[in-house]
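As a plain string of letters, each chain reads:
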Amino acid sequence: MSADPLSLWVYLSQSPLLWLTVTLLVYAIADAASLATHRHALANPVLHSIWIIGLFLLLTGTSYTTYFGGAQFVHFLLGPATVALAVPLYENRKIVLAAILPMLAALVVGSVTAVVSIVLLARVAGLPRGVVLSLAPKSVTAGVAMGISESLHADPSLTAVAVILTGIMGAIIVTPLMNRMRITDFRARGFAVGIAAHGIGTARAFQVDAVAGAFAGIAMSLNALVTSLLVPLAVTLLVR
Amino acid sequence: MIASLSLILLCQLAGEVFVRGLALPMPGPVVGLLLLLVLLLARDRFKVIARGPLQQDGVENASRGLLAHLSLLFVPAGVGVVQKLDLIAEHGIAIIVILSVSVVVTLLVTVATFRLASRLMTRNGRAP
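Taken in sequence, the protein lines are chains A and B.
Take the first sequence: its position 116, counted from the start at 1, is 116 in this note's numbering, and no numbers get skipped.
Take the second sequence: its position 33, counted from the start at 1, is 1033 in this note's numbering, and no numbers get skipped.
Among the clues, some could well be false.
Claimed, not checked - Keeping only pairs whose Cα atoms sit at most 20 Å apart, straight-line, the calculated EDC-like set for lysine to aspartate or glutamate is:
| # | chain 1 | residue 1 | chain 2 | residue 2 |
| --- | --- | --- | --- | --- |
| 1 | A | K94 | A | D185 |
| 2 | B | K1047 | B | E1060 |
| 3 | A | K94 | B | D1086 |
| 4 | B | K1047 | A | E91 |
To be clear, the hints were calculated from the coordinates, so they are not data collected in a lab.
Excised from the complex, chain B in its bound form (with noise of 0.2 Å):
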């Protein structure tokens, strides 16, 4: 257990010191992830590796367990609409209507262009 999780935490730490040592515009734990799954999928192909939390499900658990509970980590940056009561009064109902239209709308695109896809997929894997 503390294994996988000093292991996720490496991880975000590589991931942090890649993207500042090289200035890069993006959040160090995505690298993070990208360097965890690389770990997964090498495991699988050299034995040498599978050992500590790469084993018996080890690090797999424990990410099981972080996830399981992944809206409760958006509480505290949420209670902070607290400190932004005086923007919620002046620009509030503009920013609620302009966020639930863009999710819908996003919402939509997102599918159809996926269901779009997929189908053309099919089509031409259908095709002689």
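Isolated chain A (complex conformation) (with noise of 0.2 Å):
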């Protein structure tokens, strides 16, 4: 084989092992840089991986259905991580049993403020049906969001954008907005991030506190089961 770089490049970019490095090479970097910036709310990985691979995809002109090729691989170990989760609830047991009255009525009022604030704000915006029903479970983990997504015949890969673009929003205010309203209770404040921004948002409880990290997590969790109910039960109610 000559070493044309254009039949390389073809080659190569229909392969998922440069899409699998290319997700793995740039979250290492933009991670590197949110080390550097000692976390900083605004250099969020997920965030500038995103934008970073996606550029690249579109000045290279490749689909998304190819680079998913290779992507998948990371894509699939989200079902696992939220079997995991089960370990950090375990290991936590104590301090979450002591907390779980609070915790059984935030998550309560939390699931429900998060699914009907999107519902009924994407109607006043008169947004079409379609688009509102996959903006429904946008406040849980990326992989249970599709499927109820799918399985309200709606759009799970607009669902999975909202998913993401809640996480990453929810992950980059939650520490200003606590701080100014003065909450200096980390259960609280990862629990409420748990709720509102799922694994994006309790990435960031992990970094900011551990105790915050395990909260988020148990609040991501029960908020999964939470939301699969509510949301064909919200939008019944509220769509029509």
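Starting from two chains that each stand alone, build the complex the way the hints lay out.
Structure (structure tokens):
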């Protein structure tokens, strides 16, 4: 085979190897940058990985399907990672049990607020029905939200985008917002970001405080359970 | 390591079978989470099942490994935004505004509920 750079590119750009490498490499760099800025909220590694990879795909004219052929190996791990949340839950079972009532209250009120607020706001903004349905499960972790969206016959790929946007916004805003509100209870701060901004919020909470991280993980997994029951109900009541 | 990952996948698989089998409106991995939690709690009570990945922090370490880079796992789905550029051009501003309002409202309502319930509990706890 000749060392023609174009034919090499044609070969590599269709292989999972290149896109898996790009995903891990860009994330590793974005994560290093986040660490270098002492985990500044705006240096969110997910946000910066997404636009860099997205721009690269657009510039090279690569389809998302081709990219996903490689990136699916990372995406697949969302399911096992959800199961793995059993471990922080198990390890913190004592503080969790001690705070069980505030958690259950915050879980119910927070989950309802997340779903109802987005459905009402989307209707006020006059968005089409398909978009409203796709946005509804945006506060739960990607794999779960896409499943809910599918069962509503909405658009799971739009749901995924809404989920990630929500997670990034929550992760960026939570620290300044809670500091300004003078909330010093890291159980409450973590729990709130886990409800509002799922795994990306949870990852942020682990960066700030270990207890906040544990509570965020619990909130995110409980929210996955509640929201999957709540969204079909809310949609029946609020969307015609 | 392999056994621990297998146990995690097995919990997820059992969760999927359970959910699909009974046509329940909840995600399989969440049932898998509950199953793994029950296994971990049962292990402390019944020594018989404390073997393989359920001993010497096997499944705990594998889970910590998975969770350490949780935010990486959202990148592939997030890059899907390139497929939605026409929708973003049409409704992007509205979507971003309502998502951010919803996030802030949800954060504030949740944290306020947690603090309020926690304060009510300690007050009741202190009362004779």
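**Study point:** Unmet hints by their number, sorted upward, for this structure
**Key:** Structure breaks hint 3 only.
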